[in-house]
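2 protein chains.
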Amino acid sequence: MHGALPSLLSEQLAQRFGARFCVAASVCLAHGRDESSYPPQPPSAVLYPETTAEVAEIVRLCRAHRVPLIPYGAGTSLEGHLLAVRGGVSLDLSRMNRILALRPEDLDVTVEAGVTRKQLNAALRGTGLFFPIDPGADATLGGMAATRASGTHAVRYGTMREAVINATVVLADGRTIKTASRAKKSAAGYDLTRLFIGSEGTLGIITELTLRLHPLPEAIASAVVAFPSIEAAVETVIETIQMGVPVARIELLDALSIHAINRYSKTQLREAPTLFFELHGSPTTVQEQTQALRTLADAHEGADFAWADRPEDRSRLWQARHDAYFACLNLRPNARALTTDVCVPISRLAACIRETQRDLEESGLMAPLLGHVGDGNFHLLLLVSPDDEAELTRARALASRLAQRAVRMEGTCTGEHGVGLGKRQYLYEEFGADAMALMRTLKIALDPDEILNPGKILPDFP
Amino acid sequence: MHGALPSLLSEQLAQRFGARFCVAASVCLAHGRDESSYPPQPPSAVLYPETTAEVAEIVRLCRAHRVPLIPYGAGTSLEGHLLAVRGGVSLDLSRMNRILALRPEDLDVTVEAGVTRKQLNAALRGTGLFFPIDPGADATLGGMAATRASGTHAVRYGTMREAVINATVVLADGRTIKTASRAKKSAAGYDLTRLFIGSEGTLGIITELTLRLHPLPEAIASAVVAFPSIEAAVETVIETIQMGVPVARIELLDALSIHAINRYSKTQLREAPTLFFELHGSPTTVQEQTQALRTLADAHEGADFAWADRPEDRSRLWQARHDAYFACLNLRPNARALTTDVCVPISRLAACIRETQRDLEESGLMAPLLGHVGDGNFHLLLLVSPDDEAELTRARALASRLAQRAVRMEGTCTGEHGVGLGKRQYLYEEFGADAMALMRTLKIALDPDEILNPGKILPDFP
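Just so you know, the protein sequences line up as chains A and P, in that order. Residue numbers for the first sequence follow the working numbering, so the first one is 1 and each next one is one higher. Residue numbers for the second sequence follow the working numbering, so the first one is 463 and each next one is one higher.
Bound-form chain A, shown alone (with noise of 0.2 Å):
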């Protein structure tokens, strides 16, 4: 816990935000939190900012006093993005939450920071577009872009990497820019949209996107198929995208986590290594698509090809899916999730996978394995009891070897979740000690006085 704010900047803050600018305990906690196994660490005081010129006052204040700034969105990050590691003021951008200007003639939305996905698609609704970018959680598209993060939908449509046009980011010194403009593709200049695009708040404060929308299909169908392994499950999804059948998902789910969503989502899905698909396309193509996935998943013993072909059906599947991470954590009462987010050229996936059984076997926690395969990303759950020090230091230690394995195969030790504060001890490995010496140059030019978000994505340096 760290102390309370200087005593000035309180009150310059109190003055200009009233009752937006709060330092109550259950409000401090609450934003101090995320959906991590990490304890919370509450900032000092939490602001809600209501434009971008405002967000630019607090950051200009803040800034005098060396006061961090930790940008807040919807609190369903995984990896300790919130937590006030070195306190400061939480800037909660829930209220950021207008649809500035929907353009489909376009297929484009500028949206403020705040704006959520579902809360994006219901505003899409008659226009015969939608933003395809899923990570599960309900998370602020601002929230989304900090922390490049995907989904299910990748596969197809890519992470938010490629769904954001421009960014209207607040820089460490006050000052307001914008990345980029409305043009589909540009040549034009170092691409500032990117550079904050996974940049987790600790180089700028995004308030604002323009996000590429995508045509509603005109067929949509989607499928549960069961095998009699895992293997046979990741062969199937390896070949899938070897041939380019352009499925718009493909997940795959342990018996374990099948399990874990019968209980919880009651569905009566059979309890087996288990891929979703979803195919979007014509009716023709679709079926064309499906034809394909069948005979390539029956070449692996694939079983109960069962369709969900109304919307309601296909609803309740995903919510499922989506549902899977609570689903897991009902597994074990009590339980903290310690979640991995490996993500490996498809090539490797197989060996990966198989090596990781192996060693969960090995380990005897327990931990369900679900991901977004078609991308080579698949995450852990690793179920722990927090008051249990040395299964947590053993699940640790697994994770550990886990992002370390993906790294050898020339993975990455997070594919969608971000770094945080848990993924910061694999960067050197993944990028080597001089692309981690330019992000802290990067770090440095940007905010120099390190008030934006410290202590994440960056390893301490010694």
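Some clues are possibly wrong.
Calculated lysine to any residue pairs in the SDA-like style (CA-CA distance at most 20 Å, straight line) [as the list claims (entries may be wrong)]:
id: 1; chain 1: P; residue 1: 640; chain 2: A; residue 2: 425
id: 2; chain 1: A; residue 1: 178; chain 2: P; residue 2: 895
id: 3; chain 1: A; residue 1: 118; chain 2: A; residue 2: 136
id: 4; chain 1: P; residue 1: 640; chain 2: P; residue 2: 516
id: 5; chain 1: P; residue 1: 640; chain 2: A; residue 2: 433
id: 6; chain 1: P; residue 1: 580; chain 2: P; residue 2: 775
id: 7; chain 1: A; residue 1: 178; chain 2: P; residue 2: 866
id: 8; chain 1: P; residue 1: 580; chain 2: P; residue 2: 566
id: 9; chain 1: P; residue 1: 640; chain 2: A; residue 2: 440
id: 10; chain 1: P; residue 1: 728; chain 2: P; residue 2: 775
id: 11; chain 1: P; residue 1: 640; chain 2: A; residue 2: 434
id: 12; chain 1: A; residue 1: 118; chain 2: A; residue 2: 35
Hints in this document: simulated from the structure, not taken from any laboratory.
Keeping the supplied structure of chain A fixed, place chain P upon it in accordance with the hints.
Same frame as chain A, but now just chain P:
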């Protein structure tokens, strides 16, 4: 013309690189010009490194003497990227032309920066894969990455921004980094890859690239459609994009461009505003898309829907499209082309072209119009006599108005050619002073001595 290198540096380089260090005037001249209308500015010497380690060695030597370094690929720039405006050494990467690792199972390939796109596609023969990015010229992949190139396929497959998985980059201090792992997606840290894509050699020297490949489509169809007016053609494009038809290419050529092509490539196309289409997919999907396009084109009185189904007809068609630049140059003896490269949101495309045509008519200049209109990107080739100062001035003024018009329409002054020398003056209007200051901050942080391709991208500061 700048003077010779410092004699100590010359000695060091000559001793270390022998005949691969060259100061012959003819060689320097060839490395000091590109395909733009700028008069040549030769470097003081040319070096032919063969490995990343050699590039790093050269950077360290040149840095010690504060001598500029200009990476050189195939010399196909249209914006003066290669001109040695402050003298120094041209780093010709053409000997770094090895394909280091081809991994069909991961749909990726690692190449040295001097590999050209045609060389890569030749090496991919038999794998069922191809590299789609196609700026027309047979540029090197390093040069394409450095300028964030795109071209005819970008509407479907994206630009170099999306194509590059990771890069090996030599920094200004001689250190070498790899920007990312080989994972298809990652949320690990700052996007170092995108930091260098489009940085035009001003932040680091790209020596290797890992690139995303795509499965060759099962079926391809190309078509040529003539329209009664540019408006009719453009409206067809806009509706195609808004309906989400996944065209692989959709190119506009005005009547003058078609005339030039007929003369140069001995084709017999109707000399009217024309769209070149290409569709990729399964035979059924291509047929569906064909039908959709035909309906859209019919509604705008598109005529002469001519299909090129045989591979040799398609090659001839696209070769003609690619040769359009030279075909247009040939319209006027001894002319040079001042090339514009705006890109606007698709909803503004018709207005932007309309206003530009009016401007062009009033100017009395000769300028074929053509472009990658599916992305909102089009070019004018302003044909000017190199000896007619007044005409050149009028052409520059028109190009300037066009760039400003695009920026006013929320577009960019360069969709794919890059900034180089020619577009620097528009960046302030496009990005604003604060974003430009941030670009300057990045440049200073990464290249404090300004030895990496100095004078490019960033406007000269007062």
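Checked hints:
A hinted pair counts as satisfied when its Cα atoms are at most 20 Å apart, and residue 640 of chain P with residue 425 of chain A qualifies at roughly 18 Å. At most 20 Å may separate the alpha-carbon atoms for a hinted pair to count; residue 178 of chain A and residue 895 of chain P meet this at roughly 10 Å. A hinted pair counts as satisfied when its Cα atoms are at most 20 Å apart, and residue 118 of chain A with residue 136 of chain A qualifies at roughly 10 Å. For a cut-off of 20 Å, the pair hint linking residue 640 of chain P to residue 516 of chain P stands: about 16 Å separates their Cα positions.
Only pairs whose Cα atoms come within 20 Å are accepted, and residue 640 of chain P paired with residue 433 of chain A is accepted, the gap being roughly 10 Å. Taken as a hint, the residue 580 of chain P and residue 775 of chain P pair is honoured in the structure, with Cα atoms around 19 Å apart against an allowance of 20 Å. Of the supplied pair hints, the one linking residue 178 of chain A and residue 866 of chain P holds, its CA atoms being roughly 17 Å apart against a limit of 20 Å. Distance restraint check for residue 580 of chain P and residue 566 of chain P: the Cα-Cα separation of roughly 18 Å lies within the 20 Å cut-off, and the hinted pair is therefore satisfied.
Taking the CA atoms of residue 640 of chain P and residue 440 of chain A, the gap is near 15 Å; set against the 20 Å cutoff, the hint holds. Annotation: proposed proximity of residue 728 of chain P to residue 775 of chain P holds, straight-line Cα distance about 13 Å (limit 20 Å). Pair hint residue 640 of chain P plus residue 434 of chain A holds up; C-alpha atoms about 9 Å apart against a cutoff of 20 Å. Proximity of residue 118 of chain A to residue 35 of chain A is assessed by CA-CA distance (about 19 Å); at most 20 Å being required, the pair is judged to hold.
Hint check: no violations occur; every hint is consistent with the structure.
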